[in-house]
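*Asks:* Sequence:
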Amino acid sequence: MIEEIKKRLASLNPARLEIIDDSHMHHGHAGNSGGGHFTIIIKSDLLAKQNRIQSHRQIYGLLDDLIPQKIHALQIKIEI
4 MIEEIKKRLA SLNPARLEII DDSHMHHGHA GNSGGGHFTI IIKSDLLAKQ NRIQSHRQIY
64 GLLDDLIPQK IHALQIKIEI
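For the sequence shown, the residue numbers in our numbering are 4 to 83.
Calculated directly from the structure, the hints in this document are not laboratory data.
Remember, predicted model here, so these are calculated numbers, not experimental data.
We put the beta carbon where it would ideally sit given N, CA and C, even for glycine.
It is possible that part of the hints are untrue.
[To be verified] Restricting the straight-line Cα-Cα distance to at most 25 Å, the calculated cross-link-like pairs of lysine-lysine (BS3-like) are:
#1 K9 - K73
#2 K9 - K80
#3 K9 - K52
#4 K10 - K80
#5 K73 - K46
#6 K10 - K73
#7 K80 - K52
#8 K9 - K46
#9 K46 - K80
#10 K10 - K46
#11 K10 - K52
[What the hints assert, rightly or not] Pairwise CB distance ranges, derived in the manner of DEER restraints:
#12 H27 - Q53: 30 to 38 Å
#13 M28 - K52: 28 to 36 Å
#14 Q57 - H27: 26 to 34 Å
#15 E82 - E7: 29 to 37 Å
#16 A13 - Q78: 18 to 26 Å
#17 K52 - H27: 32 to 40 Å
#18 Q53 - M28: 15 to 23 Å
#19 N16 - T42: 14 to 22 Å
#20 P71 - A18: 27 to 35 Å
#21 G64 - I44: 23 to 31 Å
#22 D48 - M28: 25 to 33 Å
#23 K52 - Q72: 27 to 35 Å
Build out the structure end to end from the sequences listed, making use of the hints.
*Replies:* And the structure:
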């Protein structure tokens, strides 16, 4: 799943992209549909030109069809 996320976010031309699978920390939580929990740390000039809401919308838009089946939760950290 990490490689799929990286592939999709490549269109943002990130100078830095780190994806951490945090699923092991959430195993067995109520409401978890089986999808993974991920932290995305990204630095991109394209995102730096947007406010936080716009940046998050763009990232979610690239991953939309993976939510909630393959991705249950995302934590997004945008570096400037």
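*Asks:* So which of the earlier hints does this model not fit?
*Replies:* Result: hints 15, 18 and 21 break, sorted rising.
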